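Undergrad: Same order as they appear, the protein sequences are chains A and B. Just so you know, the numbering used here puts 116 at position 116 of the first sequence, and the rest follows in order with no gaps. Add 1000 to the 1-based position in the second sequence for the numbering used here, that's all there is to it.
The set of hints was computed from the structure by calculation and includes no laboratory data. You can trust all of the hints, since none of them are fake.
For each label pair, taking beta carbons as the anchor points, the in silico distance ranges come out as: (1) Lys1081(B) x Val28(A): 18 to 24 Å; (2) Glu1141(B) x Gly63(A): 48 to 54 Å; (3) Gly1063(B) x His93(A): 26 to 32 Å; (4) Glu29(A) x Ile1103(B): 30 to 36 Å.
Heads up, simulated DMTMM-like pairs for lysine to aspartate or glutamate below, C-alpha to C-alpha not over 20 Å straight-line: (5) Lys22(A) x Glu1122(B); (6) Lys1085(B) x Glu19(A); (7) Lys1012(B) x Glu115(A); (8) Lys23(A) x Glu1087(B); (9) Lys56(A) x Glu1114(B); (10) Lys1084(B) x Glu19(A); (11) Lys110(A) x Glu77(A); (12) Lys1023(B) x Glu81(A); (13) Lys62(A) x Asp1058(B); (14) Lys110(A) x Asp1026(B); (15) Lys1081(B) x Glu19(A); (16) Lys85(A) x Asp1019(B); (17) Lys62(A) x Asp1065(B); (18) Lys1023(B) x Asp78(A); (19) Lys23(A) x Glu1114(B); (20) Lys1084(B) x Asp26(A); (21) Lys1023(B) x Glu87(A); (22) Lys1109(B) x Asp26(A); (23) Lys23(A) x Glu1080(B); (24) Lys84(A) x Asp1026(B); (25) Lys54(A) x Glu1114(B); (26) Lys22(A) x Glu1087(B); (27) Lys1028(B) x Glu77(A); (28) Lys1092(B) x Glu12(A); (29) Lys62(A) x Glu1114(B); (30) Lys85(A) x Asp1026(B).
Since this is a predicted model, take the numbers as computed values, not measurements. All C-beta atoms, glycine included, are put in the ideal place defined by N, C-alpha and C.
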Amino acid sequence: MPKLRHIAIAAEDPDAMAEFYKKAFDFVEVGRPNGVLADGVFLSDGTLNMAILKFKTDQLGKGMDYRGIHHFGVLVEDVEEFSKKLESLGAQHYIDQGQGGHQAGYFEKKFYGPERILFDIAEHGWAGAEPLPAPMKDAAE
Amino acid sequence: MAKLRHIAIAAKDPDAMADFYVKAFDFKIVRSNDGPLAYGHHLSDGTIDLAILRFKTDQLGRGMDYTGLHHFGVLVEDVEKAGKKLESLGGKHYMDQAEAERIGGFEVKFYGPEGILFDVAEHPWTGTEPLPVERAKEAAE
Chain A
1 MPKLRHIAIA AEDPDAMAEF YKKAFDFVEV GRPNGVLADG VFLSDGTLNM AILKFKTDQL
61 GKGMDYRGIH HFGVLVEDVE EFSKKLESLG AQHYIDQGQG GHQAGYFEKK FYGPERILFD
121 IAEHGWAGAE PLPAPMKDAA E
Chain B
1001 MAKLRHIAIA AKDPDAMADF YVKAFDFKIV RSNDGPLAYG HHLSDGTIDL AILRFKTDQL
1061 GRGMDYTGLH HFGVLVEDVE KAGKKLESLG GKHYMDQAEA ERIGGFEVKF YGPEGILFDV
1121 AEHPWTGTEP LPVERAKEAA E
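Taking the hints into account, I'd like the entire structure generated from these sequences.
TA: Written out as structure tokens, the structure reads:
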């Protein structure tokens, strides 16, 4: 089964917000993304990647001053297979991201689901997030 | 370490949206309810609760027609201790859950930096993984 492994927050001051969650819950800083879409801080609780980001584009159509929970991400076994499935269910593909060099450890594709909820899918996973559980067959070997 | 265990989405049509994520990612509906705060469905990927809710109050101050990602929830060992720590860091207590509703849902809601709303709970959300320390205790028993 796919797993929720990423939650992103749109922040005005990602450094200050990340400090709060590190102190509050002992989340660990695992990266400092600085890309064309956003800058900020990646935290991990050992299972999920929590990205606290200052976005550079208006992905949600809520304006550049939107602050709040922004999107989530699902780790899947096969991005292509899930892309087809999502589109067959009516989701709208938004953008892709390559996985080379500094782009590794992020989303791979973004989709809008019902009511234009934005979510990512990835098969390589986000920095600091747990991989998918090993299939039963592998676990038995 | 505390764990992210809950993501809540504000939806106009929670039934249709829940159906989409069940079909898309095989998430399971583990609880549906119509309480004083919201109507909707709780989905689980086995680890995290994804709540798809039509809220009955304006918890974010964005108006009743807001749709999108709403808040997240963190599972902690001790809600009272976590609450004191959050307040010492500048978190603002918003509300407590009614005693009868505490098991399987949030227990206390706080606003963190930039007004981001989040829940804390010491009882796992329905259908989610307990804290690793609890899991180790269960395994030992």
